[in-house]
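S.K.: Given the sequences, and given the hints that come with them, work out the whole structure.
Residue numbers (the working numbering), protein chains in the order written: chain A, -14 to 96; chain B, 216 to 471.
Keep in mind that a hint or two might mislead.
[Stated by the list, open to error] Here are the computed distance ranges between Cβ atoms for each label pair: (1) B:K338 / A:N(-11): 34 to 40 Å; (2) A:K33 / B:K338: 31 to 37 Å; (3) B:E282 / A:K33: 29 to 35 Å.
By construction, these hints were calculated from the structure, which means they are not laboratory data. All values reported here derive from a predicted model rather than from experimental measurement. Just so you know, even glycine gets a beta-carbon here, dropped at the ideal spot from N, CA and C.
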Amino acid sequence: MNRNKLIEVLISNLTNAVVHQILELAIDKQEISEVYNKEFKNSWEIAKRYREKINPVNKSLPARDIEEINRKVINRVKTELKLRIEKGYENIDISLVPEFVEKSLKELKVV
Amino acid sequence: MDQIYIPKNRTGFFSGDYVLIQPIESKLKGRLEEKKDKTRLYFYGVKALEPIKLRVIEEISSLISREANPENIIITGSFLEQGFNFNDLDILIINKQKINTQRIRSKIENLTGIKTHIIMLDKKTLISGMSSDPLYTLMLSRCMSKNRLIFKVERKINYKLLDLHLLKSKTLIDNFSILSGNEKYYLILNMVSILLFIQNKKLSKEIVNKEIEKIFCVKISEIRANLITKKDFIEKYKEIYNKTFNLILKNVKTGK
Chain A
-14 MNRNKLIEVL ISNLTNAVVH QILELAIDKQ EISEVYNKEF KNSWEIAKRY REKINPVNKS
46 LPARDIEEIN RKVINRVKTE LKLRIEKGYE NIDISLVPEF VEKSLKELKV V
Chain B
216 MDQIYIPKNR TGFFSGDYVL IQPIESKLKG RLEEKKDKTR LYFYGVKALE PIKLRVIEEI
276 SSLISREANP ENIIITGSFL EQGFNFNDLD ILIINKQKIN TQRIRSKIEN LTGIKTHIIM
336 LDKKTLISGM SSDPLYTLML SRCMSKNRLI FKVERKINYK LLDLHLLKSK TLIDNFSILS
396 GNEKYYLILN MVSILLFIQN KKLSKEIVNK EIEKIFCVKI SEIRANLITK KDFIEKYKEI
456 YNKTFNLILK NVKTGK
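M.R.: This is the structure in C-alpha cells:
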C-alpha cells in the first residue's frame, strides 16, 4: 500500500474515532455511552495501526501532510455530525471538533 | 427394538465404531452423572462440530469453571464454524461480580495455543444487548453455553446504538481497495444485519449471509477471498448503506 493510501485510511478511521467521541458526549444513557466508548477504541486502534506504517513513525509528519489530514478529518467529522443534527439528533456540540481532532493528531504523533 | 440416544456432537468415538453396552453399578453411575453435569454443554445453531474442537471447548469450560465458577460461559465466533479456518476463540463470561479475565485468557492461550478474546458482562447487560443490539443477536445465533440460554427477549430498537454500529461500515466505502476480504465481509455483515434488525426480521448468520448473497449477487466465499470488483459492488453497497442510514436517522431523535 502506498503512502497516500495509508494516509487516506488513517483519515477515514480517525474521522470515525472523533465522531464516536463527540456522539458519546451527546448521549446521556450510561449503557449506550459505554458502547460508544468501546467503538471509539476500535476505530482508534485501527487508526493507530495505520499511523505506525507511515514514515516518519516516531516524529511528526511533514507540514503539508499535517495540513491535509487536519483539514480532511475536520471536514468529514463535521459532515457526519451535521447529517445527524439535520435529522433532529440533539446535544451534538460541533464546536468541539477542531479541539478533538487536534488532540487525536497529537496522540498519534501526526503533529 | 430398543434404541439408545447419544449426543450428535460428542468426543471419544465416531460413527461406525463398535461399542459395548452394559449396565453400570450405582456407585459408578453416580460418578458418571456428576461428571456429565459438569461437562454438559448446550448447543445453539451449531449443527456439527469436530470432536477435537468439542474437546477443546470442554477443557476451556472446566478451566474457567475452576478459576472463577461464573454464572455462565458462552463460546461463540469463528471457532464454531465448520473446519479449521477460525481466527480466534470468542468467549463471553456471564457473572455478576467482576472476574480477572486477563489471567483466564492467558491460561486458555497457554492451554490451547489459540488467540482468545474474553468479554465479561452480567446477565442484565447480556439480555439488554440481545434485545437492542443486532451484533449480540448474531453472535448468539450460533454458540455453545455451559448453562441454558433464554432467547425469548423482546426486541427494543435503539437507533443511536445502531447509528454507532453502522458508522463502522462506512469504512468500506472509503477504503474498498485496501481492506482484506474478511474485513470487507465483516463490514457488509454488520450493515446488512442492522438493516434486517430494523426491519424486524429474524437474525442468524445463515439468514444474513443469504441476504448478502441476494442483495449483492455474490457468494460469501468470493467476498472473503477478496474477489469482488469495486465497480460492480460499491454502487449497491452505497445504496444499502444510505437506505439503512436514512431509516436510522428517521428515528434517531432524543430518547430513541
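S.K.: With reference to the structure, classify each hint as holding or not holding.
M.R.: Status of each hint after checking the structure:
Between B:K338 and A:N(-11) the Cβ separation comes to about 49 Å, which falls outside the hinted range of 34 to 40 Å. Distance hint check for A:K33 and B:K338: the Cβ-Cβ separation is about 34 Å, which falls inside the suggested range of 31 to 37 Å. Range check, B:E282 to A:K33: about 31 Å between beta-carbon atoms, so the 29 to 35 Å window is met.
Of the numbered hints listed earlier, the single one contradicted by the structure is hint 1.
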